[in-house]
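Asks: From first to last, the protein sequence lines stand for chains A and B.
The numbering used here numbers the first residue of the first sequence as 21 and each following residue consecutively.
The numbering used here numbers the first residue of the second sequence as 21 and each following residue consecutively.
Hints are computed from structural coordinates only; laboratory data are not their basis.
Mixed in with the good hints, there may be bad ones.
For identical chains, the list gives no copy identity; a pair is met inside one copy or between any two copies.
With a straight-line cut-off of 27 Å between C-alpha atoms, the simulated DSSO-like cross-links for lysine-lysine are [claimed, not checked]: (1) K77 to K66; (2) K46 to K137; (3) K77 to K45; (4) K57 to K110; (5) K70 to K45.
Being a predicted model, the structure only gives us computed values, none of them experimental.
Protein chains: 2
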Amino acid sequence: MAAGLAATGLVSVSATTEAANSPMKKVFVHHVFFWLKEPKNVEARKAFEKGIHALVKVPQIQSYHIGTPVESPREVVDDSFTYSYIAFFKNSADQDIYQTHPIHLKFVEDCQHLWEKVIVYDAIN
Amino acid sequence: MAAGLAATGLVSVSATTEAANSPMKKVFVHHVFFWLKEPKNVEARKAFEKGIHALVKVPQIQSYHIGTPVESPREVVDDSFTYSYIAFFKNSADQDIYQTHPIHLKFVEDCQHLWEKVIVYDAIN
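Okay, chain A solo, but in the shape it has when bound (with noise of 0.2 Å):
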C-alpha cells in the first residue's frame, strides 16, 4: 500500500492513518476560478469543458480536479464562479512548464472568449 500511495505523489499516510486527516505530501496548488460571460449556456459550458478536459494533459500535472460550486448561504462563502480548476504540480518549477506548454496556450486561444474572469491562487505547503 505505501509505494502505491506514493505513486500519487499526492497523499502521504501510513498504513494505519489511511484515509482520514492525512497531510497532502509537498505539492504546489494551482487553483483557478473561471466566471464564464454565459453560466448557463449549456454550449459555452461544453465548449470550455472540452477545452479543460484537454488542458489537463499537460504531461506536468500530476493530478487535477474540476469542479463546479457548491452553493451556501454563508457570506464569507463566493459561490459565483463558474468552474473550479486545480492543478497539482511537483514543485514551481514544473507550473513554470507548464504555463508555456502549447497545451495551456491553445487552451486559452480556444476558450478565453467564454470567460469574463479569472481569478488564480497558487499554494505551495
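Starting from the known structure of chain A, arrange chain B on it as the hints suggest.
Replies: Relative to the frame of chain A, chain B by itself:
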C-alpha cells in the same frame, strides 16, 4: 496498489497511469484563503498555524493542504493572501458536519482575531 490508492479516497489512477494526469476521485474541495491582520508578525503566524493544525483533526477531513502563496507578477494571480487551506471531504454532508464540529468552532473562536479577511470556495467534481 489499487487498494492502497482507493484508501486515500482522493486519487483515481490505474497501474498504467500512476502519478501523472490523474483526476481526483469524487471529492468535496473546501478551499479557504486567510488574510491575517499582521501577516509578517511571527507570533500571529505561529498562533494561526497552531490553530489550523488543530483544526485538521476534524475526523471528516480526508486530506488537507496548508500552504502559503507563490508570488507571481501575473495580474490574474492573487498572491495577496497569507494562508491557503484546503480540506478534502468525501461529500457535502461531511462538510456540513465539519462546519459545526467543536474543533472547528474552537478554531474560529481561538483564531478569528488574527485575520481580517477570509474567502471560502467550495467545489465538487
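Asks: Checking against the hints above, which ones are violated?
Replies: Violated: hint 4 alone.
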